[in-house]
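Given the structure of chain F, go ahead and fit chain R onto it with the hints provided.
2 protein chains.
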Amino acid sequence: MTWTDYDSGSCSIARTAGILADRWSVLIVRDLFNGVRRFDALQDHLGIARDVLTRRLNLLVAEGLVDRRPVAVEGRRSRHEYVLTGAGHDLRPVLVAILDWGDVHRSGRDGPPASLRHRDCGEAVHAHLVCDAGHEIDDGAGTRLVPLGGARLRTP
Amino acid sequence: MTWTDYDSGSCSIARTAGILADRWSVLIVRDLFNGVRRFDALQDHLGIARDVLTRRLNLLVAEGLVDRRPVAVEGRRSRHEYVLTGAGHDLRPVLVAILDWGDVHRSGRDGPPASLRHRDCGEAVHAHLVCDAGHEIDDGAGTRLVPLGGARLRTP
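Chains as they are written, first to last, in our numbering: chain F, 1 to 156; chain R, 1 to 156.
For the record, the hints were derived by calculation from the structure and aren't laboratory data. A few of these clues could be false.
[What the hints assert, rightly or not] Partial list, derived from the structure: chain F residues whose beta carbon lies under 10 angstroms from chain R:
hint : residue
1    : 20
2    : 49
3    : 53
4    : 54
5    : 58
6    : 72
7    : 75
8    : 90
9    : 103
10   : 108
11   : 121
12   : 144
This one's a predicted model, so the numbers in the text were calculated from it and none came from an experiment. Each residue gets a CB set at the ideal place from its N, CA and C atoms; glycine is no exception.
So here's chain F without its partners, still in its complex pose (with noise of 0.2 angstroms):
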């Protein structure tokens, strides 16, 4: 079996990136882990037409990622405010890791915009590839892909 005999949508990289669809997921979630929370704030920032937020931001609450929560404002309508769950916290990774790689071919000439650190120590946080044994991958030529019981063949 080689690589092509599996089926592209069951992989797990597929079935994520069918949620993260385009960058405007991505730079959502971004501004939710940096703490924006109001669809007005969220608009604002990002310069995103609102139906277009709205369809993105219903997409990651359908999926999960997301909660919307109702939050009373004295004297005015009730409002409502968007925070990650769980497992929209579990995409820090990814975020990190496009960071990392952003900083480093896309910085302008002024250098990155800014660095995560750890705040315990102040060192710059970045994604690492480590195994369960605690060996840093430093490349491709360490690693190799197995098939588990998930795969899936592809129907011909």
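Same frame as chain F, now just chain R:
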């Protein structure tokens, strides 16, 4: 200054997400990592429309993530193959983090379809957040974002 005072588009996540603009781009990069090199093979495995694949590959080539190389085939018109550049290979932690999330949150009842293993020791490889002092970061409370020289305030 708060997060929303900064320009959304100048962020390294936004710049990277603008290249990996949709799920097709992610799946093309995944297949290139797995050794699929020819247009027809990519098209067949992904089930993607040819014009969409052409546009996505052209973008990935223009952005320096993929090399398009001529391949001489005896007695046939010249062909091309597509291979990841160094910058393309640097996306590995992004792909593995996406894979990890899907394995945890989108596996069917048969479990994950595949496992990425360390070739030397056979243990599973995952994306971890680690600071430059070697501390593993387990949750978001352990990090803070520090603006650097490349940060851009929003223009009103």
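Tested hints:
Interface hint status for residue 20 (chain F): upheld, as the beta-carbon distance to the closest one in chain R is roughly 8 angstroms, under 10 angstroms. Given the 10 angstroms rule on beta carbons, the hint for residue 49 (chain F) is violated: about 14 angstroms separates it from the nearest Cβ of chain R. With its C-beta approaching chain R no nearer than about 13 angstroms, residue 53 (chain F) sits outside the 10 angstroms limit, and its interface hint is violated. Against a cut-off of 10 angstroms between C-beta atoms, the interface hint on residue 54 (chain F) is violated, since the closest Cβ of chain R lies about 18 angstroms away.
Annotation: residue 58 (chain F) was flagged as interfacial toward chain R, and the flag is violated, the nearest CB pair being 18 angstroms apart, outside 10 angstroms. The beta carbon of residue 72 (chain F) comes no nearer than 23 angstroms to any beta carbon in chain R, farther than 10 angstroms, and the hint placing it at the interface is violated. Interface hint at residue 75 (chain F): violated, since its Cβ lies 24 angstroms from the closest Cβ of chain R, which is beyond the 10 angstroms cut-off. Hint on residue 90 (chain F) holds. Least Cβ distance to chain R is approximately 6 angstroms, under the 10 angstroms limit.
At about 5 angstroms, the closest approach between the beta carbon of residue 103 (chain F) and any beta carbon in chain R falls short of 10 angstroms, and the interface hint on this residue holds. Interface hint status for residue 108 (chain F): upheld, as the beta-carbon distance to the closest one in chain R is roughly 6 angstroms, under 10 angstroms. Taking 10 angstroms as the C-beta cut-off, the interface hint given for residue 121 (chain F) holds, the closest approach to chain R being about 5 angstroms. Annotation: interface hint on residue 144 (chain F) holds; nearest CB of chain R at approximately 5 angstroms, less than 10 angstroms.
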